[in-house]
Amino acid sequence: MPIHEKHLIRPENLSTHDNLVIDGVDVSGDWSTFIKARVVTDYNEQIEEEISALPGGEFIHRCWQCGSCTNSCTVNALNSDFNPRYWIYLIRMGFEAELVRDKDLVWQCVSCNKCTYACPRDVFPEGVMKATAHWLELKGHTVKSPSTQFDEEFSSQVFRTGKIEDGRVLLGFFRRSGQSLFQPWLVVMIKKMIRGLPLVWLTKMGWSALFHPRTRGWGPAGAAIQEYAREQEHKHLAAVRGGHPEAMFDPAK
Amino acid sequence: MDKKTAYKKVAYYPGCALEGTGHAYNKSTRAVGKKLGLELEEVKNWNCCGAMEVKNIDPKIQTYLSSRVMSIAANEMGHSVVMAPCNGCYHNLKKAEYDLAHDEGSREVTERLSSKAGHTTYEAGQVETIHALDWIKDAIGEEELAARVKNSLNGLKIANYYGCMYTRPRHIFPEKDSGPGSESTSAPHFMDDLLAAAGAENVDFALKTACCGGAHTLSDADTSTKLVANILIAAEEAGAEVIATECPTCHTGLEMHQIRAETNFGIKTNVKVMYFTQLLGIALGLSPRKVGLQENVSDGRAALKARQIG
Ligand code: SF4
Ligand code: SF4
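Protein chains in written order, with the numbering used here: chain A, 1 to 253; chain B, 1 to 310.
Calculated directly from the structure, the hints in this document are not laboratory data. Glycine residues also receive a C-beta, built at the ideal position from the N, C-alpha and C atoms. Please note that a few of the clues may not be correct.
[As the list claims (entries may be wrong)] Coverage of chain A stretches by chain B, computed from C-beta distances (three or more under 8 Å per stretch; other residues unrestricted):
{"#": "1", "region": "43-52"}
{"#": "2", "region": "87-101"}
[As the list claims (entries may be wrong)] No farther apart than 27 Å at their CA atoms in a straight line, the calculated lysine-lysine pairs in the DSSO-like style are these:
{"#": "3", "chain 1": "B", "residue 1": "Lys226", "chain 2": "B", "residue 2": "Lys44"}
{"#": "4", "chain 1": "B", "residue 1": "Lys9", "chain 2": "B", "residue 2": "Lys44"}
{"#": "5", "chain 1": "A", "residue 1": "Lys253", "chain 2": "B", "residue 2": "Lys116"}
{"#": "6", "chain 1": "B", "residue 1": "Lys226", "chain 2": "A", "residue 2": "Lys144"}
{"#": "7", "chain 1": "B", "residue 1": "Lys290", "chain 2": "A", "residue 2": "Lys191"}
{"#": "8", "chain 1": "A", "residue 1": "Lys103", "chain 2": "B", "residue 2": "Lys226"}
{"#": "9", "chain 1": "B", "residue 1": "Lys34", "chain 2": "B", "residue 2": "Lys150"}
{"#": "10", "chain 1": "B", "residue 1": "Lys35", "chain 2": "B", "residue 2": "Lys9"}
{"#": "11", "chain 1": "B", "residue 1": "Lys8", "chain 2": "B", "residue 2": "Lys226"}
{"#": "12", "chain 1": "A", "residue 1": "Lys191", "chain 2": "B", "residue 2": "Lys305"}
{"#": "13", "chain 1": "A", "residue 1": "Lys191", "chain 2": "B", "residue 2": "Lys116"}
{"#": "14", "chain 1": "B", "residue 1": "Lys4", "chain 2": "A", "residue 2": "Lys235"}
{"#": "15", "chain 1": "A", "residue 1": "Lys192", "chain 2": "B", "residue 2": "Lys305"}
{"#": "16", "chain 1": "A", "residue 1": "Lys191", "chain 2": "A", "residue 2": "Lys235"}
{"#": "17", "chain 1": "B", "residue 1": "Lys4", "chain 2": "B", "residue 2": "Lys226"}
{"#": "18", "chain 1": "A", "residue 1": "Lys192", "chain 2": "B", "residue 2": "Lys226"}
{"#": "19", "chain 1": "B", "residue 1": "Lys290", "chain 2": "B", "residue 2": "Lys226"}
{"#": "20", "chain 1": "B", "residue 1": "Lys150", "chain 2": "B", "residue 2": "Lys176"}
{"#": "21", "chain 1": "A", "residue 1": "Lys191", "chain 2": "B", "residue 2": "Lys268"}
{"#": "22", "chain 1": "A", "residue 1": "Lys192", "chain 2": "B", "residue 2": "Lys268"}
{"#": "23", "chain 1": "A", "residue 1": "Lys192", "chain 2": "B", "residue 2": "Lys157"}
{"#": "24", "chain 1": "B", "residue 1": "Lys157", "chain 2": "B", "residue 2": "Lys226"}
{"#": "25", "chain 1": "A", "residue 1": "Lys192", "chain 2": "B", "residue 2": "Lys290"}
{"#": "26", "chain 1": "B", "residue 1": "Lys116", "chain 2": "B", "residue 2": "Lys44"}
[Said to hold, decoys possible] What follows is a list of derived Cβ distance ranges for each label pair:
{"#": "27", "chain 1": "B", "residue 1": "Ser115", "chain 2": "A", "residue 2": "His244", "range": "30 to 38 Å"}
{"#": "28", "chain 1": "A", "residue 1": "Leu78", "chain 2": "B", "residue 2": "Gly285", "range": "40 to 48 Å"}
{"#": "29", "chain 1": "B", "residue 1": "His171", "chain 2": "A", "residue 2": "Val39", "range": "39 to 47 Å"}
{"#": "30", "chain 1": "A", "residue 1": "Gly219", "chain 2": "B", "residue 2": "Glu104", "range": "40 to 48 Å"}
Only chain A is shown next, with the shape it has when bound in the complex (with noise of 0.2 Å):
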């Protein structure tokens, strides 16, 4: 039969004979294509719950599927394919291997609450994407995004030190994500800068870039935090049946 929602359907799912006949009837042509036929059989009835054991997550049983979140998204606007609320169903249906295919999609969560703003359940579905984008590094369906290495760069300075510096993290997350700093539009970026600032804070910063400012008597706040995080790192691999450690964050590293 032809299909007029063509579009809505991977072409994987589809399959188009040149010469068909069937039961002695010709229908090559506009008739020839077909969906296939599939069978769902391979569920993880458990992401739910290991999705809502992660911070972000807890909320997601709450959804019924409005698509407010997705008809808001900052992302959806330049990505159709980002798509939060079809993955909080993927999601409750169990469907990982569906999931899986949008691994690499689901950390680009710009997080600007556009969907808990719409969101008429409460869902809190930036939390649902920054759980997912955890779920699936813990998992070890894929790596850790460049989101996430900058997240522990960021937090790794501020438990250490209290504080966080621009030039720091910007060249910390240069470093862990293997970038070079030689991008044209930075040296553009840069050139601006040292026209405008004053001499005195252009010294300020490369003198706090060798000896990084700190809150005073930082120490005990800073190793609770990190005796902390560590505990919440071990509890979140927990939760995720078959979690990979290489995931969790090191926030002494």
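On the provided structure of chain A, position chain B with the ligands as indicated by the hints.
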């Protein structure tokens, strides 16, 4: 105490960004406060609010980090109001306040970390956290501000950009959407009001609370560039000469991705980016240097000159 009196002298929490790329925001906020006779006392020995990044690692650690700042302001300095000009800091202190008032688990973790760190645990309700916009709007107001203007902004066309963290999610801002005089979470207007009082003409700008992609400004730079390009183009199409900002992350994001949109995508825009405190400072008679205008990557001095401002 009414807000006008309560906001005359407040605890000031600049946060990490204002000591780095947001230096001009720090400088202009302090200068405008001084000019208006408002007093800022910096929170002693403050720490990072936790930002988006620590929240992603563990939201309760972020709550603790923000609570420490509020605890120092309240218990060591005796303040009842903390003013944070950075949307991220402002948002996080508000979020910590909400979590500590509503979530037992957050209270327990904050208590544990505070006692190990050796300071008084912050109790919800000890301070009120406000943004620099609330501060000027409520301590001074449009009428008084207009009366103090020395250099009118002469009809300079401004697109007011508030970003995400100032209004979303709604539940951490109970004072917004609460009747006359309050800020709106869907169509914020405090910055519009102040800049109009200083003589600017606010353009009809649809992307006031759009996202600049600040969370992934480096980790997913192409997405951020596309989001920022939308904002810049929409502002230009609305006729804006300047985009006014009230957050160091948004501000730096707009400046950085304006460059990146041109180098990486060939999208060129000319609209300038300035902190609202820089614009107010100039209107109040401060020199461009005093408000750090020369530090902006997007250099708007010519745009002001063209309108004979200052
Ligand atoms: S917070 Fe994430 S999922 Fe929600 S609207 Fe923004 S980008 Fe989309
Ligand atoms: S807006 Fe809320 S209830 Fe609606 S689909 Fe999204 S998460 Fe579910």
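Each hint, compared with the structure:
| no. | hint | result |
| --- | --- | --- |
| 1 | 43-52 | violated (count 0) |
| 2 | 87-101 | violated (count 0) |
| 3 | B:Lys226 with B:Lys44 | violated, 39 Å |
| 4 | B:Lys9 with B:Lys44 | holds, 15 Å |
| 5 | A:Lys253 with B:Lys116 | holds, 22 Å |
| 6 | B:Lys226 with A:Lys144 | holds, 23 Å |
| 7 | B:Lys290 with A:Lys191 | holds, 22 Å |
| 8 | A:Lys103 with B:Lys226 | holds, 22 Å |
| 9 | B:Lys34 with B:Lys150 | holds, 15 Å |
| 10 | B:Lys35 with B:Lys9 | holds, 14 Å |
| 11 | B:Lys8 with B:Lys226 | violated, 41 Å |
| 12 | A:Lys191 with B:Lys305 | holds, 24 Å |
| 13 | A:Lys191 with B:Lys116 | violated, 44 Å |
| 14 | B:Lys4 with A:Lys235 | violated, 48 Å |
| 15 | A:Lys192 with B:Lys305 | holds, 20 Å |
| 16 | A:Lys191 with A:Lys235 | violated, 46 Å |
| 17 | B:Lys4 with B:Lys226 | violated, 41 Å |
| 18 | A:Lys192 with B:Lys226 | holds, 22 Å |
| 19 | B:Lys290 with B:Lys226 | violated, 33 Å |
| 20 | B:Lys150 with B:Lys176 | violated, 31 Å |
| 21 | A:Lys191 with B:Lys268 | holds, 18 Å |
| 22 | A:Lys192 with B:Lys268 | holds, 17 Å |
| 23 | A:Lys192 with B:Lys157 | holds, 24 Å |
| 24 | B:Lys157 with B:Lys226 | holds, 24 Å |
| 25 | A:Lys192 with B:Lys290 | holds, 19 Å |
| 26 | B:Lys116 with B:Lys44 | holds, 19 Å |
| 27 | B:Ser115 with A:His244: 30 to 38 Å | holds, 34 Å |
| 28 | A:Leu78 with B:Gly285: 40 to 48 Å | holds, 43 Å |
| 29 | B:His171 with A:Val39: 39 to 47 Å | holds, 43 Å |
| 30 | A:Gly219 with B:Glu104: 40 to 48 Å | violated, 28 Å |
This entry does not satisfy hints 1, 2, 3, 11, 13, 14, 16, 17, 19, 20 and 30, going by the numbered hints stated previously.
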